[in-house]
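So you can see what is in the structure, the chains are spelled out below.
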Amino acid sequence: MTITKKFEPEKEQKVLLWKTKKFFGLIGFIFLILIIAEIWVANTLANFGERFEKLNELQVALKQENQILENDIASFSSIQNIASASSKLGLTSSKSVKYIR
Amino acid sequence: MRIYFVKSIFLLLFFGVLLRLAYWQVIKADELKALSEKQRFENQKIEATRGSIYFSDGAILASNKPTFLLYGQPKLLSDEKKKKIAKILSPILSWPDEAKDLEVNLMEVLNRDLYWVILKKNLSIEIKKEIEDLKLEGIGFEVESSRFYPEGSSSAHLLGFVGSNERGERTGYFGLEGEYNGELKGFSGLIKIEKDAVGLPILIGNFLGKTSKSGKSLKLNVDRTVQFIVEQNLLKGIEKYGAKAASAIVMDPKTGAVISIASFPSYDPGSFEKFPKELYRNPTVADSYEPGSTFKVLVMAAAINEDLVKVDTNCDICEGPVEVGGFQIRTWNNKYLPGASMKEVIVHSDNTGMVFVGKKIGLEKMYSYIENFGFGQETDIDLQDELSPDIRAKKDWREIDLATSSFGQGIAVTPIQMIRAVGVIANGGKLMEPQVVSEISDENGTFEVKPKVVREVIKEETAKIITEMMVAAVDEGEAKFAKPKGFKIAGKTGTAQIPVAGHYDPNKTIASFVGFAPADDPKFVMLVRFDQPTSSTFGSETAAPTFFQIARELFTYYKIAPSE
Numbered sequence: 001m002t003i004t005k006k007f008e009p010e011k012e013q014k015v016l017l018w019k020t021k022k023f024f025g026l027i028g029f030i031f032l033i034l035i036i037a038e039i040w041v042a043n044t045l046a047n048f049g050e051r052f053e054k055l056n057e058l059q060v061a062l063k064q065e066n067q068i069l070e071n072d073i074a075s076f077s078s079i080q081n082i083a084s085a086s087s088k089l090g091l092t093s094s095k096s097v098k099y100i101r
Numbered sequence: 001m002r003i004y005f006v007k008s009i010f011l012l013l014f015f016g017v018l019l020r021l022a023y024w025q026v027i028k029a030d031e032l033k034a035l036s037e038k039q040r041f042e043n044q045k046i047e048a049t050r051g052s053i054y055f056s057d058g059a060i061l062a063s064n065k066p067t068f069l070l071y072g073q074p075k076l077l078s079d080e081k082k083k084k085i086a087k088i089l090s091p092i093l094s095w096p097d098e099a100k101d102l103e104v105n106l107m108e109v110l111n112r113d114l115y116w117v118i119l120k121k122n123l124s125i126e127i128k129k130e131i132e133d134l135k136l137e138g139i140g141f142e143v144e145s146s147r148f149y150p151e152g153s154s155s156a157h158l159l160g161f162v163g164s165n166e167r168g169e170r171t172g173y174f175g176l177e178g179e180y181n182g183e184l185k186g187f188s189g190l191i192k193i194e195k196d197a198v199g200l201p202i203l204i205g206n207f208l209g210k211t212s213k214s215g216k217s218l219k220l221n222v223d224r225t226v227q228f229i230v231e232q233n234l235l236k237g238i239e240k241y242g243a244k245a246a247s248a249i250v251m252d253p254k255t256g257a258v259i260s261i262a263s264f265p266s267y268d269p270g271s272f273e274k275f276p277k278e279l280y281r282n283p284t285v286a287d288s289y290e291p292g293s294t295f296k297v298l299v300m301a302a303a304i305n306e307d308l309v310k311v312d313t314n315c316d317i318c319e320g321p322v323e324v325g326g327f328q329i330r331t332w333n334n335k336y337l338p339g340a341s342m343k344e345v346i347v348h349s350d351n352t353g354m355v356f357v358g359k360k361i362g363l364e365k366m367y368s369y370i371e372n373f374g375f376g377q378e379t380d381i382d383l384q385d386e387l388s389p390d391i392r393a394k395k396d397w398r399e400i401d402l403a404t405s406s407f408g409q410g411i412a413v414t415p416i417q418m419i420r421a422v423g424v425i426a427n428g429g430k431l432m433e434p435q436v437v438s439e440i441s442d443e444n445g446t447f448e449v450k451p452k453v454v455r456e457v458i459k460e461e462t463a464k465i466i467t468e469m470m471v472a473a474v475d476e477g478e479a480k481f482a483k484p485k486g487f488k489i490a491g492k493t494g495t496a497q498i499p500v501a502g503h504y505d506p507n508k509t510i511a512s513f514v515g516f517a518p519a520d521d522p523k524f525v526m527l528v529r530f531d532q533p534t535s536s537t538f539g540s541e542t543a544a545p546t547f548f549q550i551a552r553e554l555f556t557y558y559k560i561a562p563s564e
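Those sequence lines, one after another, are chains A and B. Residue 42 in the numbering used here sits at position 42 of the first sequence, with consecutive numbering throughout. Residue 159 in the numbering used here sits at position 159 of the second sequence, with consecutive numbering throughout.
Hints were generated in silico from the structure; no laboratory data involved. Treat each hint with caution, since some may be false.
One-sided excerpt, in silico: chain A residues whose CB lies under 10 Å from chain B [to be verified]:
id	residue
1	E10
2	Q13
3	T20
4	F24
5	G28
6	L58
7	V60
8	K63
9	E70
10	N71
11	G90
12	L91
13	T92
14	S94
15	Y99
16	R101
Every residue gets a Cβ at the ideal spot worked out from N, C-alpha and C, and that includes glycine.
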C-alpha cells in the first residue's frame, strides 16, 4: 500500500504570507519605536544645552576652586611660612646637636 | 500674440530666478556655507595648563592660579552707568590713595567708542566675587591663568619667569621656565561646537577639533630645606660682610644633582617687570669671575696626576717673590716658606709654590687639564642662561699667563664650572654633568633623568691625595676658626681681585670658598661666593664662615654625625 500525502498548496501559501506580513510588521514597529526614540532623545538633548553649559561652568568653577585650595595648601606649607610661624612661636634652631653612639 | 508676450515675460522671469538661484547656490555657495557655519559653529581655543615645578620632596615651587580679566561693554552702558561703575569699582581695584586716579582712568576707558574694553587684568577670585556680588551691568570676566609661587621670591634665578612673547603667548624666560618652556607649555586645543539660536551648545550637533594637552611637570633635585638654609645664610652674609652680591651652589658630587642654587640680589618671578632686567640672569651660571686660590687645588691635582710633584716635593723657588716674564709674583701676605712642601703650598695658599707647580706642568698639560676640568665649555646644566667664558687660545699664552693661571688669575670661570671641577676631586676623579631636573612627567608616564659622567679627569688616588690636602687647608688654614668641630671638611678659600681698566683693584675682590663634606664620603660639594665684600676682602673671613655655617646646618639636616 502506498501512502500519499495530500498536497495543500493554498494553505501553505497563506501561512507564508502571514509570516512575511508579521515579520515586516515587526520590523516596521521596531523602526517606528526607534524613530520615536530618536525624536525623543534629540528633543530631550536639544533642551539639555542649557544644562550642559551650566555643568561645564560648574566643572570649570570646581577646577578653579580645586587649584585655589591646592595653592592655599602650598602657601601654608611653604618653608617660608613654616619658618615665619615657628619663629613667632619662639622656636629656634639648635646650636649644638648631640649624637648618641 | 498677447499670450506669447505673457509667456515670454514669465519665461524671462523664470530664467532670471534660475540665474539668481545659480548665483547663490553655485557661485556664492562656499561663502554662504562659511557664513552659515560661522553663525552656527563657535570656535573655542582651549589653553593648555602649564606644567608645575616641584622640589625634590614634591612640594610646589611653581604652579598656576586662576586670575580674571575684567572687561566692560561701553555700547551697553549709559553715561550715568559708566560713572557709577567707575566710582564703585575704583576703590575695589586699587589702593585707597590710588582710587581717584583709577576712577578717572576707568571713565576714560569706558568712554571709548568700542564694544569691548579691558578694565583690569590679573584679578583674584576674591575680588571677582566681590564685584559679581555688586551685580553691575555691562561688565564681565574672562578666565586667565598666571604663575603661582608659594615660596615667594625664593629660587627666582633658578626658576626664571613666564612672560609674553611678541605674539602675546605665554612663554618662559630664563632658568627652568626658559630651558623647559617646550615641555612646560603643553599644546593648546581648538574645539568647534554647534550652537543653537541663543548660543547654547547642541548636544546632538557636531563637535570637531582637538582638546588641549597639559604641559609636563618637572621634579627637581633641589631640596627646599637646603635651598632655604643656603638663601638665609647668603642674605645674612651680604648684610654682615657688606657685600654687593652673593651666590652659592650645593651639588651632590656623585650624581651631579644640583641640591641648591641661589644668588642675591634677586627678584620676584611673580612681578618680574618691576625689577631691573640686569637681575634676570642667574649669576651662578652666567657670571664669569677669576677663581683665585680656589683654582690651586685643580692645578695641584693635574701635577700630582701626571706624577710631576708629590705631596712632600719641596718648592725650590719659594724663598721670596718670583720673577716671571718681567713681572714679580708675591704671596698674598708677603710671607714666604722656603722649601715648602706641596701640602704646605695648598695649606698656606702660596702663589710662589703654585708658580713652581705651573712650571712643572708646562703649557701643554696645563691647557689640557683646564679643558678636561670643563673650563671654556658650557657644563650643559639645564638652565637657560648658561654661558661659558672663553679660555685664551693656546698660542696666545705667555710665560706669565701660565704662572698666574696656576693660582687662578688671568682665567675666567663661572661658579657652576668651578663647583663641577672641584666635584671631580670629591667624586674620585670623574666629571659629572650638573642636573637640576630629576624627573619629567605627564599623563603618559615619567621620564627619569639619569646621572651623566662626562669623563674621568684624574685618577682616584690623585683625588684622595688632593682631598687630604684640602682637609689640611681647612684644619690648618686661615679659616680654621669657623670650621664645625669634629667634621672632616675638605675646602679651599679664594680671594680674587677684580680686573678694572687693565689692572687689578686691590679693594674690590671676589671672595669665595669651595669644598665638600664629609671629606671621606662626600654628601655635598658647595661653593660660596661674595662679590666685593667690604668688612674684609678675604675669602677666609667672609665666604668661608658662611660655607661652614651652611655646612653645619646641612650636617644636622642630613643627620651626619661628627667623625673626629
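### Hint validity - N71(A) Cβ closer than 10 Å to any chain B Cβ
holds, 5 Å
### Query
Does the nearest C-beta of chain B fall within a distance shorter than 10 Å of the C-beta of T92(A)?
For T92(A), the interface hint is violated, since the closest Cβ of chain B sits about 13 Å away, which is over 10 Å.
### Message
Does E70(A) hold up as a contact with chain B if the rule is Cβ-Cβ below 10 Å?
### Response
Holds, because the Cβ-Cβ distance from E70(A) to chain B comes to roughly 7 Å (cut-off 10 Å).
### Query
Taking the closest Cβ pair, is K63(A) under 10 Å from chain B?
holds, 8 Å
#### Entry: Agreement of hint S94(A) with chain B interface, Cβ distance less than 10 Å
holds, 7 Å
#### Entry: Given hint V60(A) near chain B, where the shortest CB pair must fall under 10 Å
holds, 7 Å
### Query
Quick one, is the Y99(A) hint okay against chain B at 10 Å, beta carbons?
holds, 4 Å
### Message
Min Cβ distance, G28(A) to chain B: is it shorter than 10 Å?
### Response
violated, 25 Å
### Query
Can L58(A) be said to touch chain B, with a Cβ gap under 10 Å?
Violated, about 14 Å.
### Message
Is the interface hint satisfied for G90(A)? The criterion is a beta-carbon contact with chain B at less than 10 Å.
### Response
This hint is violated: G90(A) lies away from chain B, its Cβ roughly 18 Å from the closest one there, beyond 10 Å.
### Query
Would the hint on Q13(A) stand, with a C-beta cut-off of 10 Å toward chain B?
At about 46 Å, which exceeds the 10 Å cut-off, the nearest Cβ of chain B leaves the hint on Q13(A) violated.
### Message
Take the shortest C-beta to C-beta distance between F24(A) and chain B; is it under 10 Å?
### Response
violated, 29 Å
Hint check: violations occur at hints 1, 2, 3, 4, 5, 6, 11, 12, 13; the rest are consistent with the structure.
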